[in-house]
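Visitor: This is what each chain is made of:
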Amino acid sequence: MYAAATESLIKQAREIKEEELQRFCGRIFKLLHTKDVSGDTVDSLQRLNLIVSATKYARELPSDLVMKLQTLLRSSSCPEQLQVLTSSIIRESFPSSVHSLCSDLSHDSRTFSHVASVVLAQVSHMLFTISLYSVHKHLSNHLITFTRILCSLNPDQVNLVSRKLVDWLRYASMQQGASMSSGGFFSGPRTRQPAPLTEVDGVVTGDFFTVLCLGQSYTEDQWMNMYTFSMIKSWLLTYDTDGTTNTESDDRSEVDSSVMSMVSATSSSSRLLPPKERLREKAFEYCQRLIEQSDRKALKKTDTELQKACIVESVSIMDIICGEDPSYVYRAFPCIKALYGRLNGDLAYARALLPIAQFYLNHSEIAAVDSEAVFCQLFSHCPAEQFNEPMLAFEFVQFCLLNASVLQDRVANYRQSFPNILKFLAGNSSGLIAEFVELLPSLIASDTAIELLHTILDLPCLAAALDLQQRSACYQASDRSAWDQQGAKVAACLDAFRQPSYRGLFLYILRPEAGTGDTIDRLKMLHEILADMAESPRVVQCAQVVPVLLHVYFNTVTQVRVTNERSGHLIAHTSTKKLMYTHICHISQGLNCVISSSVFIVTHLQALCKLHPPLIVDQSREILEFASSPANIYSKEDFYTHVVWVIGEYLSVSYDPRCTVELITSFFESLEAVLFEITQVRQSASPPSFSPRLITVLMTTLAKLATRSQDLIPRVSLCLSKMRTFARSAPVMTCYSEEDTEEIITRAHELINLLKLPNVAQFVLAPSAGGDGPRWHRDTNASLPQGMRAVSGLLHRHSSSLPT
Amino acid sequence: MQYMVVCFLIHTLCPVSALSAGETRILYARVFGPETGDGCDFTPEQRRLMQKEKLHVVARQVRSAVALSREASGGLCVEAVLGEEAAALGEADSGVFSLGNAELFPDRSVVLWLGVQSLAFTLVCRPHENLLLAEGTLRNIARHCLEELRLLGPGAEVLLKSDRVDALLHRLLPHGQLLFLNHRFVLTLDKEIANYVSK
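First to last, the sequence lines map onto chains A and B. Just so you know, we're using our numbering here: the first sequence kicks off at -6 and counts up by one. Just so you know, we're using our numbering here: the second sequence kicks off at 1312 and counts up by one.
It is possible that part of the hints are untrue.
Unchecked claim - Just a few of them, taken from the derived set where beta-carbon distance is under 10 Å, the chain A residues facing chain B:
| no. | residue |
| --- | --- |
| 1 | -6 |
| 2 | -4 |
| 3 | -2 |
| 4 | 80 |
| 5 | 208 |
| 6 | 292 |
| 7 | 295 |
| 8 | 377 |
| 9 | 379 |
| 10 | 386 |
| 11 | 387 |
| 12 | 421 |
| 13 | 428 |
| 14 | 489 |
Claimed, not checked - Derived lysine-lysine pairs resembling DSBU-like cross-links, with alpha carbons at most 30 Å apart:
| no. | chain 1 | residue 1 | chain 2 | residue 2 |
| --- | --- | --- | --- | --- |
| 15 | A | 157 | A | 4 |
| 16 | A | 61 | B | 1363 |
| 17 | A | 28 | B | 1510 |
| 18 | A | 4 | B | 1502 |
| 19 | A | 157 | B | 1502 |
| 20 | B | 1502 | A | 28 |
| 21 | A | 28 | A | 61 |
| 22 | A | 293 | B | 1502 |
| 23 | A | 23 | B | 1502 |
| 24 | A | 715 | B | 1510 |
| 25 | B | 1510 | A | 290 |
| 26 | B | 1472 | B | 1502 |
| 27 | A | 294 | B | 1363 |
| 28 | A | 49 | A | 4 |
| 29 | B | 1363 | A | 49 |
| 30 | A | 49 | B | 1472 |
| 31 | A | 4 | B | 1510 |
| 32 | A | 61 | B | 1472 |
| 33 | B | 1502 | A | 49 |
In case anyone wonders, no lab produced these hints; they're calculated from the structure. Note that CB positions come from ideal geometry on N, CA and C, so glycine has one too.
Chain A on its own, in the form it takes in the complex (with noise of 0.2 Å):
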C-alpha cells in the first residue's frame, strides 16, 4: 500500500529549494491567468498543495500568487476542484488577513463553506456583525458552515435560527424530489408523479420527514432536515441550556403555556410557544418518531447502523431536553421504557443501552421510576457477554467514569459487580487502562476491597479464563480438528475447561459479582491449568497493567480514609501478607519479575505500615521468617532493604504495646546472624552482590533495636566494629566506590558513638511519633536539638580516643 515512491515523493516536496519553488509559484500564477483551467493548472495546484503541506514549518509563498488564489476561492464561477485546491493551500500558508476573505457574504453554500473552512482554521471566532435579515438569507443555503462560524449569537438571532431549525425538522416535505433522471424515452414530465417516501422497510411513510425516510432523491428542506438533525444535539447544548423560559423575550405576549394541549401531541397551541420552547417540543417529537422508526426492520445494512446511531442520538437529546424542562420527563418514560423493554437482551444493541442508562440515573428519581432492573442488566449481564467489543468496552467505562459518583451512592450494584467491570480489561488492557486507572477508586468498597486486590492480582487468570470461554463458544467438542488448529498449548486448556471437576475453578475465576469470598484456596491449580495460556498475547498485555492498577489500589487505599477501622486493618494486613509472600502465582512470568522488583511495592510497604504500625507485630512471624533468611536478598534486595527499614522504624512499643523484648530481641538476633553471614570477611568470599545500601540500613536497624532494649548495645558495638574489617576488605574495595565504602564506615563509626550515650541514641534513632513535626526540630528547647549539641560536644572531647 505504502510505496517507495510515496516516501520520495515527500522526500522532493520537503526538500524543494526555495527557488525553485518561487519559479514553481510564478508559473501557476501564470497559468491561473489564463482564461481555461487545464490539467496542467490542476495539476500544478497539486503539487503546490503538497509541497505546502508536506512540512512542519510553513512555506513563504508570493503574495501575488496569494492574492490571486483567494480571489479565485471567492468567485462562484470557480470550477469545485480549484476551490478545494486553493482552500487547502491558503489554510496551509497565512493569509495577511483573513477578515477581507468574510467581507462579503453573498456567495453560494459552496463558496462560503471554503472560504469558510480557511477561516475557521484561524482564527477562533469571528465577529461578525451581521443583520436579522442576513442570517434569514443565508442560513438555507450555510446552516452548518454558519453554525460553526458564530460563536454567539443574540437572543434575537437565536429564536430567528430557531424557527428555521423548527421548519426544517417537522415540516420538511413529505414527498420525494424530482428525479435527476429521466423516467425513460416514453415517459413525459406530466406522467411521472412525485413517488411517495418510504420507511426503511419500504413501507410508504405515514408521519413528518425524518432521516430515517427514504426517497429516490431528496428536495432541499429534506436536506435541510437531515443537517438540521445532524446538528440539533450541538444546539440544544450551547443555546437552550440557559433556563427554561426566556421571560423576557418579545413573544412574551403570545405565550400562555398554560393552554398546552393534552391531547395531541402535535397540538396547534404549541404555535404559541416562543421559539426556544417550540424548537425543544419538536425535537422531542422529532427524537420520538426515530425510536419508533428504529423498530422497523430496515433492508440495508446502512440503515440498521444508523437506526442504532439514531436511538443513541434521540435518546441523548431527550435526555438534554428534558433536563432542561423536567415536566417532559413524565412524556419521556413511557417511551423510554417501552424502548429499553425491546432493547433488552438483544445484544447487537448493547451500546444503546448506555444512554438509556445515563436517562435514568438522571432522571428516575423525578419520575419515581425504578431502575434497578436496568442497572442489574447492565452491570450483571453486559459485560460478561460483551467484554471483547471494544468500542462498547470503552463507552461503558466512559458511563462508569462520568457517573463514578452518582454509581457509587445510588447503584446498589455498581461497585459489587467489579469482577464483570474487569473483564473489560481483562479483554482489552492496553486500550482501557488509561481510563481504568481513574476508575478504579470508585470500585474500592470497605467490605470487598480485598477481593478486589486477589481480583487484580489474578487478571491474567481472568484474561486467559475469558478466552477459553469464548474459544469453547466457538468449537463443538466433537469438531477436534479445529480444536487442534489452535495448538496444543491451547487445546490442553480448553479440555481443561470443559472439564466438570474444574467447573468450579472456572465458575469462581468468571463470577460477574463480588461477594462470594474473598478468594478460593485452590487458586493454585487454577494457574497450574492456565499456565499453557501464559504466553498468549492478550495474557502478556494483561499481566503488564496489573502492576499500574496495583499502584493505584495502594494509593487510594492508603491516603483516603477508610471510616472502619477494622477494615482498614484488614487492607492492611492482608495487602502486606500478599507482598511479602511473593510467590503471588502468576502464570506469567513477566509478572512475577515485576512484582518483585518495582519500586511501588517499597513505596507501598512504608505506607501501610506508616498507616498501620501494629501490622509489624501483627505479621511479625512472617516477616521475621522473611528477613532472616539471606536468600531474600539476592533474589529482592529492593524489597528486603525496605523491610529491615520498616521493622528499625516500627517494631517499637511505642506504635504497638504487644511489642515484647523478646520480639525484639529475636528479630535482633535474627538480622545480626543475616549481617554476619554476608559480610564475613574470608579469603575466597565473592565480592558482594547486593548494593552498600544494604549494608548501612542493616547497621541502622540493629542500632535502633539496640536502644529499645538495651542489653543488646554491647552486642551491637562487636557488630559494627566489624564493619570495617569487611569495608577494606579485598573484594569489597574491587566492587563498591570509595565513597561507599567510606560511607560505611563512616556509619558505623557514628552508630558506635551514638550508641555510647544510650537515651542521646534513643531519641536519635527512635524519636516518638512526634519526632515528625517541625516543633520537634526547631523548638531549641525541646529534647533532640539538646540531644544533638550533647551528642557533639562529647564526640569532641572523645575523638581521640575512638578506635581507627
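Chain B: place on chain A using the hints.
Guide: For chain B alone, kept in the frame of chain A given last:
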C-alpha cells in the same frame, strides 16, 4: 459549538525507512476548526507547528494501539489488492481510546481508528460524540479513500490527489459535523463524489 470531529488523518502503520521505528508518516491531515485552549499569544507560525506536532503524537499513539490490538487478536493479515477494497475494509480492525486530559486537544478527546493493512484512518472527536455514528462515518470515508485514491495499489494518489479527500470530507463531514445519512443520502453523495473525481 460543542460536539464535533476535531481532525481526520490518514497515516502509515508499516515501518517507514526514513523514520525510526514506531514513527508514522502522515499522508493526509485535515483539522476542523481552530485550536482552542491556552496560548493565545502564539504566532500563526508557532501554532501551525504545534498543530503538526500534535497530529504526529496522535498518529504515533494510534500506531501503537493498532500494533497492540493486532498482537492481541493474533489475526493474520491478508493483503488485498486493487479491486478488493470491500474485502480489505471487511478485514480491517478498529478501536478507540481517549487522549489524556488537555494533553493534546482540550477535554478528553476520543480517538477512533480503522486499520486497513498498512494504513490507518483516524478520527479525533470531542468527548461524548455519538461514537456509533462516528464509526459509520469513518468507515464510509475510508471506503471512499480506498477507492478514489487507489490506496491498495502502489501509487501516490494520496499525496497528489488529496483534493479528492477534501472534496469527500466536504460532503460527508462538513466542517467536522457528523451526518445522519441513510443509504439513499449516501448514494446521492457517492454520485456527487464520483462526479468530482471523474473531472
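Visitor: Which of the stated hints cannot be reconciled with the structure, identified by number in ascending sequence?
Guide: Those not satisfied are hints 8, 9, 14, 15, 18, 23, 24, 25, 27, 33.
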